[in-house]
Amino acid sequence: MTVRVQQAAFDPGAELNALHAANLGIGAVVGFVGYVRDFNDGQEVAGMLLEHAPGMTEKALGKIIVEAEQRWPLLRLEILHRVGRLEPGEPIVFVGAASAHREAAFDACRFVMDYLKTRAPFWKKEDTAEGARWVEGRASDQAAAQRWGEG
Amino acid sequence: MIRLQYFARYRETLGLDSEQLEWNPAWGQVADLRDTLLARGGAWQVLAEQNLMCARNDEMCALDEPLADGDEVAFFPTVTGG
Numbered sequence: 001m002t003v004r005v006q007q008a009a010f011d012p013g014a015e016l017n018a019l020h021a022a023n024l025g026i027g028a029v030v031g032f033v034g035y036v037r038d039f040n041d042g043q044e045v046a047g048m049l050l051e052h053a054p055g056m057t058e059k060a061l062g063k064i065i066v067e068a069e070q071r072w073p074l075l076r077l078e079i080l081h082r083v084g085r086l087e088p089g090e091p092i093v094f095v096g097a098a099s100a101h102r103e104a105a106f107d108a109c110r111f112v113m114d115y116l117k118t119r120a121p122f123w124k125k126e127d128t129a130e131g132a133r134w135v136e137g138r139a140s141d142q143a144a145a146q147r148w149g150e151g
Numbered sequence: 001m002i003r004l005q006y007f008a009r010y011r012e013t014l015g016l017d018s019e020q021l022e023w024n025p026a027w028g029q030v031a032d033l034r035d036t037l038l039a040r041g042g043a044w045q046v047l048a049e050q051n052l053m054c055a056r057n058d059e060m061c062a063l064d065e066p067l068a069d070g071d072e073v074a075f076f077p078t079v080t081g082g
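As you go down the protein sequences, you meet chains V and E in turn. In this text, residue positions in the first sequence follow our numbering: the first is 1, and each later residue adds one. In this text, residue positions in the second sequence follow our numbering: the first is 1, and each later residue adds one.
No lab work stands behind these hints: they were computed from the structure. All values derive from a computational prediction rather than experimental measurement. The C-beta atom is built at its ideal place from N, Cα and C for all residues, glycine as well. Check the hints yourself; a few may be wrong.
[What the hints assert, rightly or not] 20 Å max Cα-Cα, derived EDC-like pairs, lysine to aspartate or glutamate: (1) V:K63 / E:D58; (2) V:K125 / E:D71; (3) V:K63 / E:E22; (4) V:K63 / E:E65; (5) V:K59 / E:D58; (6) V:K59 / E:E65; (7) V:K59 / E:D71; (8) V:K125 / E:E49; (9) V:K59 / E:E72; (10) V:K125 / V:D107; (11) V:K59 / V:E90; (12) V:K63 / E:E12; (13) V:K125 / E:E12; (14) V:K59 / E:E59.
[Unchecked claim] Far from chain E, by Cβ distances over 12 Å, these chain V residues were calculated: (15) G42; (16) Q43; (17) E44; (18) E69; (19) E87; (20) E103; (21) L116; (22) E136.
Use the sequences and the hints to build the structure in full.
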């Protein structure tokens, strides 16, 4: 169970393959990759700057991992989130969950992303033709997190 | 002493990323500290936003979180990672 916050790019395929390495009890691996899009809220996006709160970020992600482990029988759970300057098409975030069976892996992966979206201190600032703008939180993200109930 | 941090849009609006304030025993909870900052007027009104988020000692909390001398408090807008 690991949390990584880094500027460096990563290979989503390699992250996914690493999840089931050397554990033959793993029967299911589910991975989510979030990418930078080139368009958002009616404007072309040339890139973005991802700010975070060092110290608080690792704690918040660690707390999400602990909660996921309490809810599902997971064999591995990884969160990798990039910070700093990112270009359209680049992966921002990887969440991978491994379990004996698919249901726990599917659910835990989605849960971690839903909680990360609303409970981890990251902020996106997009570059557009009209200048840089901070991305605002979405009500749909709050609703997605609330679906899992308070815990 | 309270150490304060501001992130993202708030940091830019306030033109400040951190500061330290002498401890005030009237600060029973994070909301009281925010009231002190709001009383500065001007750009500080950004902390009145309804979707303001905060953290105490590196853990996100609600505005009614109890506060103690020596704590670190952060104020920031809704998070947008992932």
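Against chain E, does L116 of chain V hold up as non-interface, every C-beta pair farther apart than 12 Å? violated (5 Å)
Given the hinted pair K59 of chain V and E65 of chain E, is their alpha-carbon gap at most 20 Å? holds (18 Å)
Outside-interface status for E103 of chain V - nearest CB in chain E farther than 12 Å: holds (22 Å)
Does K63 of chain V pair with E12 of chain E here, judged by a C-alpha cut-off of 20 Å? Violated. K63 of chain V to E12 of chain E sits at ~28 Å, over the 20 Å cutoff.
Straight-line Cα separation of K125 of chain V and E49 of chain E no greater than 20 Å? holds (19 Å)
Would the pair K59 of chain V and E59 of chain E pass a check requiring their Cα atoms to be no farther apart than 20 Å? holds (7 Å)
Has the given pair, K63 of chain V with E22 of chain E, been kept, meaning a C-alpha gap of at most 20 Å? violated (31 Å)
Going by Cβ atoms, does E69 of chain V stay more than 12 Å from chain E at every point? holds (18 Å)
Minimum Cβ separation between G42 of chain V and chain E greater than 12 Å? holds (17 Å)
Mind checking the alpha carbons of K63 of chain V and D58 of chain E for me, to see if they're no more than 20 Å apart? holds (12 Å)
According to the definition I'm using, a residue is off the interface if its beta carbon is farther than 12 Å from all beta carbons of the partner; does E136 of chain V meet that for chain E? violated (7 Å)
Would you mind confirming whether the straight-line C-alpha gap from K59 of chain V to D71 of chain E stays at or under 20 Å? Holds: K59 of chain V and D71 of chain E sit about 16 Å apart, inside 20 Å.
In the structure shown, a violation is registered for the earlier hints numbered 2, 3, 10, 11, 12, 21 and 22, in ascending order.
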